[in-house]
Amino acid sequence: MFLDQVLSTDCQVRKSLTKLHTVGKTLFLQQAISSLLHHFQQQSIQVLLDGLYGNEPKEIQFVVPPDLLQEKEFLDPLFSKIRHPKDRLLLYNLCHLFAPLENFSDALKIALSDEPIDHFVALCQQIRRLEKEVIRQSRTLFKTTYMPIFRKNYFSSYLAQVRKKGGKLPYLDYLKPKEEEFFQTFYEKNRSILISSALLGANIAPLYDPKFYLCKELAKIPSVPQIQRRLQDFPAHLIQSLIHVVRTSKMLDGYEKQLAQAFYPKHGFGFSRSFAYQESAPLGSIFKIVSGYAGLKRHLEKELDFTKPFDPNPLTIRDEGPKGDPADPKNILGYLPDGTPITRNFRGGRLPRSDHSIGKCDLERAIEQSSNIYFSLLAEGAHEELLQTSKAMGLGSRTGIDLPMEIGGTLPFDLSYNKTGLYAFAIGQHLLTVTPLQVANLLGALVTEGQVKKPHVAKALLGAYTPKQTNSQRFNQYFAPFHIEPGIFSETLNQSLQPFVLPFDPVTLQAFAFPRELSRPLLKGLHKVLNGERGGARPEAIRTYFKHPELKKDYLKLRANMIGKTATAQISYRPFLDKEGESALVKHTWFALAHYEENSPMFENPDLVVVVYLRFGDYGKEALPLAVEMTKKFLEIQQKQKSIS
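Number 646 marks the last residue of the sequence shown (this note's numbering); no jumps.
Some hints here could point you the wrong way.
[As the list claims (entries may be wrong)] Heads up, simulated DSSO-like pairs for lysine-lysine below, C-alpha to C-alpha not over 27 Å straight-line:
(1) 303 x 392
(2) 190 x 169
(3) 580 x 26
(4) 588 x 392
(5) 643 x 548
(6) 144 x 179
(7) 553 x 525
(8) 455 x 361
(9) 580 x 548
(10) 144 x 190
(11) 20 x 73
(12) 558 x 525
(13) 641 x 588
(14) 110 x 144
(15) 392 x 420
(16) 580 x 73
(17) 133 x 73
[Unchecked claim] Ranges of calculated distance between the beta carbons of each label pair, as one might list FRET restraints:
(18) 311 x 357: 24 to 32 Å
(19) 66 x 574: 44 to 52 Å
(20) 327 x 66: 20 to 28 Å
(21) 325 x 535: 17 to 25 Å
(22) 325 x 129: 37 to 45 Å
(23) 303 x 341: 16 to 24 Å
(24) 644 x 323: 20 to 28 Å
(25) 275 x 159: 35 to 43 Å
(26) 639 x 141: 43 to 51 Å
(27) 126 x 66: 20 to 28 Å
(28) 457 x 548: 34 to 42 Å
(29) 236 x 71: 40 to 48 Å
(30) 73 x 141: 30 to 38 Å
Keep in mind the hints are simulated off the structure, nothing from the lab. Keep in mind the model is a prediction, meaning the values are calculated, not measured. C-beta: ideal position from N, C-alpha, C; glycine also.
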């Protein structure tokens with residue numbers, strides 16, 4: 002199962018591992034490479050493998066001496082067909098991960114030489130699970146038997162040294178780290194004895210040793226009989242050597258982390274980073290809001306005439322959707338108002354197709370049904386305006402939130418000469434990457450008349466500025482030496498302390514012109530996404546609401562006061578460690594939603610923006626139920642606060 006997750010189906014690394022089906026062969030591969038490294042006085046395994054099996058003329062070529070030909074002949078069928086240098090290194094590292102040569106004694110190598118490697122790995126996993134229970138019971142013995150001796154004989158002098166150096170924390174804050182440190186030392190020293198006693202069903206500790214009674218209990222662990230059946234033909238005197246081979250998670254972290262780092266991106270995947278503001282991704286169709294604004298603004302500047310009504314529609318086309326062969330450059334995607342066909346290759350660039358037929362569409366219909374070719378054509382000849390609009394709405398730069406390590410995303414740099422890139426950028430693809438926080442800020446600016454605000458994290462203080470709390474501070478100096486809080490003497494203090502959100506002044510980072518002529522067409526289109534008969538996020542088009550009709554009621558109740566936009570961004574993703582597997586085309590889905598206060602005039606008094614970002618999703622509309630439920634929860638909390646106040 003592990004190999005299925007990290008290797009592609011038909012890669013040469015997997016085929017070579019199939020040939021290494023026993024522990025003996027896996028160990029011999031490592032031994033052969035170790036012998037060759039020693040002979041050629043090399044420290045780098047990758048340099049050695051590239052010299053033996055690389056095809057690049059610049060690589061060092063190694064000539065193997067006769068006494069090492071057997072090792073070379075063993076390695077040839079395993080490495081010769083692997084084309085990528087890192088895949089050769091991957092094969093070696095996986096073998097070392099499953100059965101590290103340096104941990105095997107000579108006797109253990111002989112005993113396990115014919116053991117299938119998958120059986121050996123499964124056995125190691127079972128022993129690791131057993132070890133968790135061994136650690137738990139060992140910790141109990143350590144606390145009751147060994148720790149009191151330490152506290153009696155050594156801790157007083159240790160604490161005196163800490164106090165002398167200025168340590169003022171309670172003694173437990175110094176005792177607990179020392180207890181954990183000594184337990185780890187105790188367990189590492191006795192690990193093989195304790196686990197071996199459980200597996201052998203025999204007590205190998207001396208009678209006078211406190212561990213004697215623990216070993217008797219370890220043999221009663223429920224998982225022991227299953228492991229014993231696996232080891233019924235295994236030499237008993239090698240059990241402790243086997244335990245030494247089975248590495249704990251801590252050991253794996255120390256010895257094998259380089260295996261992961263070697264195949265990760267240069268700066269890591271960042272699994273500990275927040276996807277909200279520290280990771281960026283392609284945006285997709287939500288960016289059509291920006292393209293629509295830029296097109297409307299250019300149309301307004303070009304067509305403004307105070308003597309006649311302003312037409313708020315910058316472009317009208319007919320979108321025919323995905324018809325014909327998508328690879329055919331002459332494939333017709335739609336028509337201009339004069340009947341000119343819009344082909345796949347159009348005016349020097351390759352147009353993206355819409356995923357369904359829309360028919361005649363203006364700006365509102367294009368937003369409602371997410372027409373791709375509409376916004377691509379709207380951006381034609383306006384790459385500078387589109388980039389400037391993106392920057393004005395906060396894309397391509399940090400929002401300034403008071404959290405560390407925020408990233409700013411990216412904007413494309415090649416739009417002046419890359420027409421295909423411009424077409425893709427207009428619908429949120431190409432080199433555009435954003436964070437969900439930037440999207441929330443963008444939508445927030447859209448519903449607040451173009452004001453791009455600096456986001457803040459709400460900070461709650463318990464009972465801030467209350468008279469009771471202020472009064473209690475007067476007695477702190479008297480109670481501090483006893484580590485006592487003054488509040489414990491007040492029966493009413495806890496009742497008076499209510500959470501208080503620390504206020505902050507809104508900061509406008511930048512603003513863009515957003516008159517009614519520009520805002521109404523965009524906001525109406527976004528309203529129709531949720532409320533229009535053919536809207537991309539109408540309830541009839543969302544699978545979740547068929548499976549959970551109770552959630553549909555929440556959506557129907559709230560959608561009249563909401564605007565939103567779906568987005569689906571396609572990326573090329575390689576889910577394997579090897580270099581042979583083909584990249585998969587996967588989708589990241591978005592839904593951005595803004596809610597207006599109930600009973601307010603249309604598009605006035607917004608109170609909430611929600612952005613949902615789902616990696617490896619299907620369609621952006623499937624993220625909508627999450628946004629709706631968050632909106633519902635927000636309104637419930639808001640109503641509760643109003644009733645309290």
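Status of each hint after checking the structure:
A distance of roughly 22 Å separates the Cα atoms of residue 303 and residue 392; the hinted pair therefore holds under the 27 Å criterion. A hinted pair counts as satisfied when its Cα atoms are at most 27 Å apart, and residue 190 with residue 169 does not qualify at roughly 33 Å. At roughly 24 Å between alpha-carbon atoms, residue 580 and residue 26 fall within 27 Å of each other, so this suggested pair holds. Restraint check for residue 588 and residue 392: the C-alpha separation of about 25 Å stays at or below 27 Å, so the hint holds.
Between residue 643 and residue 548 the CA atoms are separated by roughly 34 Å; this puts the pair beyond 27 Å, and the hint is violated. The straight-line distance between the Cα atoms of residue 144 and residue 179 is roughly 12 Å, inside the 27 Å bound, and the hint therefore holds. Restraint check for residue 553 and residue 525: the C-alpha separation of about 22 Å stays at or below 27 Å, so the hint holds. For the hint linking residue 455 to residue 361, the alpha-carbon distance of about 39 Å lies beyond 27 Å, and the restraint is violated.
Using a Cα cut-off of 27 Å, the hinted pair residue 580 and residue 548 is violated, with the two alpha carbons roughly 40 Å apart. As the CA atoms of residue 144 and residue 190 are separated by approximately 16 Å, the hinted pair is consistent with the 27 Å bound. About 16 Å separates the Cα atoms of residue 20 and residue 73, which keeps this hinted pair within 27 Å; it holds. Annotation: proposed proximity of residue 558 to residue 525 holds, straight-line Cα distance about 19 Å (limit 27 Å).
About 38 Å separates the Cα atoms of residue 641 and residue 588, which puts this hinted pair outside 27 Å; it is violated. Taking the CA atoms of residue 110 and residue 144, the gap is near 38 Å; set against the 27 Å cutoff, the hint is violated. Annotation: proposed proximity of residue 392 to residue 420 holds, straight-line Cα distance about 20 Å (limit 27 Å). A threshold of 27 Å between alpha carbons decides the hint, and for residue 580 with residue 73 the separation of about 24 Å falls inside it, so the pair holds.
For the proposed pair residue 133 and residue 73, the alpha carbon gap of about 41 Å is over 27 Å, so the pair is violated. Distance hint check: the CB atoms of residue 311 and residue 357 are about 31 Å apart, consistent with the given range 24 to 32 Å. Checked against the hint of 44 to 52 Å, the C-beta distance between residue 66 and residue 574 comes to roughly 45 Å, which is consistent with it. Against the hinted window of 20 to 28 Å, the Cβ-Cβ separation of residue 327 and residue 66 comes to about 58 Å, which falls outside the hint.
About 23 Å separates the C-beta atoms of residue 325 and residue 535, a value consistent with the hinted range of 17 to 25 Å. Against the hinted window of 37 to 45 Å, the Cβ-Cβ separation of residue 325 and residue 129 comes to about 57 Å, which falls outside the hint. Distance hint for residue 303 and residue 341: a CB-CB separation of about 20 Å, consistent with the stated range 16 to 24 Å. Separated by about 52 Å at the C-beta atoms, residue 644 and residue 323 break the suggested range of 20 to 28 Å.
For residue 275 and residue 159, the Cβ-Cβ distance of about 40 Å falls inside the hinted range of 35 to 43 Å, so the restraint holds. Look at residue 639 against residue 141: about 49 Å separates their beta carbons, and that is inside 43 to 51 Å. A hinted range of 20 to 28 Å is violated for the C-beta pair residue 126 and residue 66, which are about 40 Å apart. Taken as a hint, the range 34 to 42 Å holds for the pair residue 457 and residue 548, whose Cβ atoms sit roughly 37 Å apart.
Range check, residue 236 to residue 71: about 28 Å between beta-carbon atoms, so the 40 to 48 Å window is missed. Checking the proposed 30 to 38 Å range against residue 73 and residue 141 shows it is violated: the Cβ atoms sit about 54 Å from each other.
Consistency with the previously given hints fails for numbers 2, 5, 8, 9, 13, 14, 17, 20, 22, 24, 27, 29 and 30, ordered from lowest to highest.
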